[in-house]
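Line by line, the protein sequences are chains V and A.
This note's numbering applies: residue 1 is where the first sequence begins, and numbers increase by one.
This note's numbering applies: residue 328 is where the second sequence begins, and numbers increase by one.
Listed next, with one range per pair, are the computed distances between beta-carbon atoms:
1) A:P430 to V:Q220: 56 to 62 Å
2) V:A78 to A:L497: 52 to 58 Å
3) A:M517 to V:L37: 52 to 58 Å
Treat the hints as calculated values from the structure; they're not laboratory data.
Values in this document were obtained by computation on a predicted structure and should not be read as measured data.
Here a beta-carbon is modelled for each residue, glycine too, at the ideal position from N, C-alpha and C.
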Amino acid sequence: MIRSRGYWAGVWREFRRNRLALSGLVVVLALFVVALLAPLLANDKAYIYISQGKAYFPILFEYPELAGLNFREESEKAFVIMPPIPYTSSEYDLDAIVIPPSARHILGTDEQGRDLAARMIHGTRVSILVGFIAVFIYVTLGIIIGALAGYYGGVVDMLISRFIEIIICFPTFFLILTILALVGPSLVNVMVVIGITGWTGIARIVRGEFLKVREMEFVQASRALGARDRSIIFRHMLPNSLAPVLVSATFGIASTILIESSLSFLGFGVQPPTPSWGDILSQSRDFMDFAWWLTLVPGFAIFITITAYNLVGEGFQDAIDPRAVRK
Amino acid sequence: MIKYILKRLLLIVPTFIGISLITYAMIRLAPGDYTTLRAGLQGELKAGAIGNEIIEQEKRLYGLDKPVIVGYWDWFSKLVVFDFGTSRKDGRPVAERIGEALPITLALNIISMIIVYIISIPGGILSALKKDSLYDRVSSLILFVLYSLPSFWVGLLLLMVLSGGDYLNLFPLGGIVSDWAEDFGFFDRMLNIAWHLMLPVATLTYGGFAFLSRYTRATMLEVINQQYIMTARAKGLSEKRVVLVHAFRNSLVPLVTLMATILPGLLGGSVIVESIFSIPGMGMLAFEAILARDIPVIMAIASISAALTLLGILIADILYGVVDPRIRLEAGQ
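Starting from the given sequences, assemble the full structure and let the hints guide the process.
Rendered as structure tokens:
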């Protein structure tokens with residue numbers, strides 16, 4: 001007997017064939033690793049420091065006797081292994097402001113002498129955090145609202161659909177800016193505001209899928225067996241509509257990262273000293289005529305991240321679409 | 328058809344009220360005291376230099392002493408006679424400030440939209456007809472890259488490389504007209520404006536360009552595999568006729584609806600582009616109003632942008648009927 005492979009295994013098999021989408025996935029995973037390991041990748045504390053026959057692990061533990069020591073300058077006197085970027089994201093050095101990439105600072109420094117590479121690495125966390133949490137909020141909202149409309153139909157559907165039409169006409173970015181100006185910009189507020197303004201797309205998809213499957217036999221069967229509405233919606237109907245929702249969510253992460261960096265660019269995003277790619281790019285405007293690295297590096301990071309998520313989304317979409325033309 | 332348009336027109340009114348009511352309620356209900364946020368006031372209030380009267384006066388002035396619904400009704404009844412109130416920032420009538428800013432933003436967006444449609448529709452069709460050819464692959468890849476490029480980065484790079492600094496000095500840094508062009512003749516003045524608008528239009532255009540080309544290609548591909556296209560070919564029509572009359576006309580429907588979905592995003596895009604190139608348009612006005620918590624201006628911009636969007640959707644709906652007779656018939660019944 002041949003065991004049927006699950007639906008998701010089939011999707012993965014299709015996805016794997018698409019080399020561009022796979023490379024997008026690799027970039028996405030690499031960014032995750034960078035975000036997770038940021039304090040290990042860019043830090044002014046040494047991994048290992050051996051002095052007078054004693055070994056220390058300053059990056060992991062606090063040593064009172066090593067307080068105030070600059071590990072970067074100890075390499076001649078002691079055995080030191082530093083992280084790849086031996087600076088933190090907030091360590092300023094007024095002797096080295098706006099210097100181009102060099103051996104000491106591989107991506108150069110900003111207007112307060114902070115290491116750009118360290119700031120970029122720590123900025124990855126903001127992008128990923130905002131991308132995932134904001135999308136999670138609006139996917140949840142979209143699923144609930146769309147499911148109510150699609151499952152109950154009639155007046156409920158009419159009211160929700162009208163409401164969605166109103167929300168779609170909103171100038172979303174302007175709305176987000178206005179709300180952030182009133183409640184004050186911060187990481188949490190950015191995530192929540194993007195989350196509560198972005199759900200309409202998902203709600204429409206879920207509503208459409210629910211309208212498609214609600215008259216199907218498996219739904220009638222579960223209803224006949226006496227299942228509650230909640231269990232029919234979430235355990236029987238939702239899994240059947242999940243694939244297009246997840247595709248849309250993947251593209252959603254790309255656009256959320258773009259919105260977050262635009263907000264930070266305008267000064268309405270994550271507040272300093274937390275490093276954010278959009279904020280770094282925004283500060284580069286003062287030195288644009290010569291400091292090419294401050295403009296090039298953060299913009300390129302945003303671009304690569306968005307491209308990677310879009311590639312994954314596209315590959316995912318082709319993989320779940322049976323009509324997709326096979327090469 | 329007229330009945331159909333009337334029906335759509337009637338639907339616009341509740342939608343517009345919904346949008347402006349939500350915006351107003353949100354501004355009023357957001358945490359943070361609106362009046363004391365005015366720069367400078369906070370410190371003087373603490374120092375005892377001014378009393379609470381000024382705050383009461385300001386609240387009265389902007390209707391903040393009334394409940395949300397009453398405040399909204401006051402705003403709305405003035406709007407009906409096109410009275411947007413006065414700006415909190417400089418006391419000028421809001422309508423006047425918008426009158427200066429709106430044409431600039433509209434001009435920018437209309438120019439870039441025309442360029443987008445002119446270039447990307449033929450490009451998309453060609454791509455679909457020559458699917459998997461070298462042209463298709465290369466253009467698809469380029470468009471994908473363009474699609475993912477953040478506009479504020481592209482704007483900054485264009486400025487950095489083309490507008491002075493250590494590199495080329497071909498374009499001005501910002502604004503829409505040079506100071507020294509004030510007393511130029513009409514033609515030279517227009518040339519000067521065009522020179523200023525080159526980079527902003529490029530920044531606004533490339534994204535839509537990528538989006539629309541990919542969209543045209545996709546809808547065209549869907550249509551070209553239909554059986555009626557095969558029939559058209561089988562009865563011996565020229566390829567040109569098959570493509571332009573039979574296929575393209577049917578792929579127009581999604582292209583028309585697309586116009587309506589682009590519109591709400593225009594203001595947001597303008598905020599970024601206008602802030603990079605210092606263009607005194609709606610985006611800049613919106614940004615300044617938000618920074619100054621200028622409720623009359625924020626409300627006016629939100630409602631104008633909503634009205635333009637609704638108008639765009641209405642036009643798309645009507646065009647929809649023009650390109651697809653089935654919709655016309657259904658609506659007539």
